Amino acid sequence: MLRRFGQATALLALTFVQLLVIVFSFLALFGTFALGMVFLYPPHVRLVRRLAEDTRRRVRAWTDIEIASPYLPKPPPPQPQADGMYRHDRTLYKTPRIPAWSDRWKWMLSDPATWRDGLWLLLDPLIKVLLLPVFITMPERGLRFYGLWCELLLSATRASRLAGQVSHLNRVRNLAADSQAAEMRRIERDLHDGTQARLVAIGMTLGAVEELVEKDPVAARALLTKAREASADTLTELRRVIRGIHPPVLAERGLADAVRALALDSALRVTVEVDLPHRPEAPVEAAIYFAVSELLSNAARHGDARSATVDIRGDGPYLRVTVTDDGMGGAEPGKGSGLLGIERRLAAFDGVLAINSPPGGPTTVHMELPHALPEHWAGSLPKMPRWKAVTVAVCWGLAWCPLFPQGLVAGVFKIVGADEKSWFLALYLPGPWQWPFIVGMITLGIAMYVLATLIPGQYARQNRPAWATPLSTGCDR
Amino acid sequence: MKRVLIAEDLYLLRDGLVHLLQAHGFTVVAAVESGPELLKGLIELRPDVSIVDVRLPPTFTDEGLQAALAARAQLPGLPILVLSQHVEQLYARELLADGSGAIGYLLKDRVFNAEQFIDAVHRVAEGGTAMDPEVIAKLLASNARHEPLAALTPREREVLEAMAEGRSNAAISQRLYLSESAVAKHTAGIFAKLGLAPSDDDNRRVLAVLAYLNSR
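Protein sequences, first through last, are from chains S and E.
Adding 640 to a residue's 1-based position in the first sequence gives its number in this note's numbering.
Adding 105 to a residue's 1-based position in the second sequence gives its number in this note's numbering.
Only chain E is shown next, with the shape it has when bound in the complex:
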């Protein structure tokens, strides 16, 4: 049973998330609705995973994001999945900056697809990464003109996108209808073209790719 904390100021959404997570076998240890409460909860309860809205009272700016960053500065690698009505590369960078993984950044719409959302929550709880496809699309679009990326084949690009979102080889093979060995071959090709050191660990590999894309 994973212990989860929820921070969301809209009652309907908060309640919905509580039900959804309980139905999928999580224990909700706290459901808070403001920035200060959130920071306190994160530090004191150390939940196995937290689901945090970016915009929270009292300032309704990026309260949630700041609380998440502050908590992770104290407790490195504390698993947090950030939800937002809009995604920004800027925020994604800030969340990824410490390089310790166990981080997620998704659009609120992704909650609609319960199965994928729960999958992302599990991934983050286990120290993995869950980046919204829209962040990855923006990341790749702003890198589009740069050399090594332009040299990737369309298939390799698809694999890179899925990998950057935080998916494992098994998940990628399912999504793209490829065999796992074919995915492994593509990832090796991508790493060679981008000049990155290959790694067997899924999480390390994802972080390397994101760091590469963000460094441009």
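The following block holds chain S by itself, in its conformation from the complex:
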């Protein structure tokens, strides 16, 4: 209780800061748009955003209302053209400074969140004053109301959420395309330098045999043996390439046995636990297989480990993989240990990787992929419970009846004093009951409409998949 009072007091005290910011914002906006002092605009936006972010954080900490940042992702830094110049609209610049500044300006100006922040800032002191009695009598409830008010203007809009997702998907797509291209190049090189060259050699040997077979059968025989050996070598080589593309045991047996096969081939003593209700998608299986393979060989090569455990399990919509070894630890993604490659591979499936590798060991690598299991492919939103769906349908279907004929139209009839009573129930009641009944009907109608909108909205918010929350302003994902 006392703490709540303190928090409410802090909120009220913040009003003074807000008033200062409002004054500064007015000056800045006036300077920007009336006097052309455009340099005042970015600091003003930054200041307001900071205040808003601060409030979001505070609301999150003091109530259970989660307000995500709504801002669109920052524009990427300008890329130089082939001639080293930077282009913005139809002008070329020598340095990236001005194009970057313009991009940033446009980003701030066009983000609807900027304007919603402004409106919030302007109204916030007023709301706080209105809430003052509640703050004093029931601080807990007051904080909640305040949180709801902030959520109204400060939370992410549909557009910003989508923009966040689009930029995230863009990044993931680029990563996936890059790593696939690199993979293709590697395979091409392997086939070109290995298999192809060996086949040429075999062809040449066979050509020589053709010439020799009559003149010198003994030499021809020796060459044939050589050709046969070379074809065996080619097969060995090809087998290695195929293993790198898609390991045959994975195609034949699926992830669980493929990882068991890996464990058998490893120099470490590896225990494998797999608990999956179904086989994941083939690309996910391959990504996990290669990740585990890389981690086991890392453990043997760099970590000097003797034994390791691999644990793969489905957990709701998540596929979790944990690889632990008893090596020396000290693994870091930056150290060219292939961890970056694994991260990139997993990123294509929205997967993440966490490493815990203190010096001296043990090393634990945890990987997590959302939506990797078949039962969670269909629709990201589970269906609403039946009673909620029925309520929504009834509200949508019947709300018109109390609101219009029984409420508004009856009211108009009463005002006009028409003789016709038709089926407007209110007009059949005794005089003093008529108005309360009409008002009650209108309220009921509105309440039904509100309920019909609120229930699905609230449901969607509660069950929103984790990856659908907007990104914070930075590019930290």
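No incorrect hints appear here.
Partner residues are not named here, just some residues of chain S that face chain E (Cβ under 7 Å, in silico):
1) Arg868
2) Ala872
3) Leu875
4) Arg879
5) Glu892
6) Arg900
7) Leu904
8) Asp905
9) Ala907
Hints were generated in silico from the structure; no laboratory data involved.
Every value quoted in this text rests on a predicted model; they were computed, and no experiment measured them.
From the three backbone atoms N, C-alpha and C, an ideal C-beta is built for every residue, glycine too.
With chain S's structure known, arrange chain E on it following the hints.
Relative to the frame of chain S, chain E by itself:
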């Protein structure tokens, strides 16, 4: 005349195998190309030895291997030689798991060397074992750090490899240019170091070694 069944989905290879085996005095009782046909053939014909590709229609996964395992579960010790484009310790373990011998697991490349391949087919038909050198190499590599194996001399390792592939003392002595008595001495040394009970029977001995390596 040994009766042999062949299961291979590629026509060229199937035909080649039929010719090769007929030329070496086998009677080919059936040459099938899919998993269900194979299982039926194995159970009904009970061939003296079967040559089975791991990947077969209709699923093109490990159809052949599954059919072989299922048939051997019904008819223990039914001689089967499994061929594959790649070898896995995992599959080798599954084939060896029942401990009844008369099993082979080779890379398809081994067909190139007709003499050795026919030798392996005979060995399997007679209840012996034919493991691909690559399986054995993988098996030894993943066991490399474990104590008793690390204590073997290089010569003993060579003998162990050859023995694990399923070769008899006579074959090992030929391959390593040793006298048969020297091979016998080495095998005794290996068995002592690994703590296995010595055995005169070639097949039992091979299975003991493979079981030892697989138990790690």
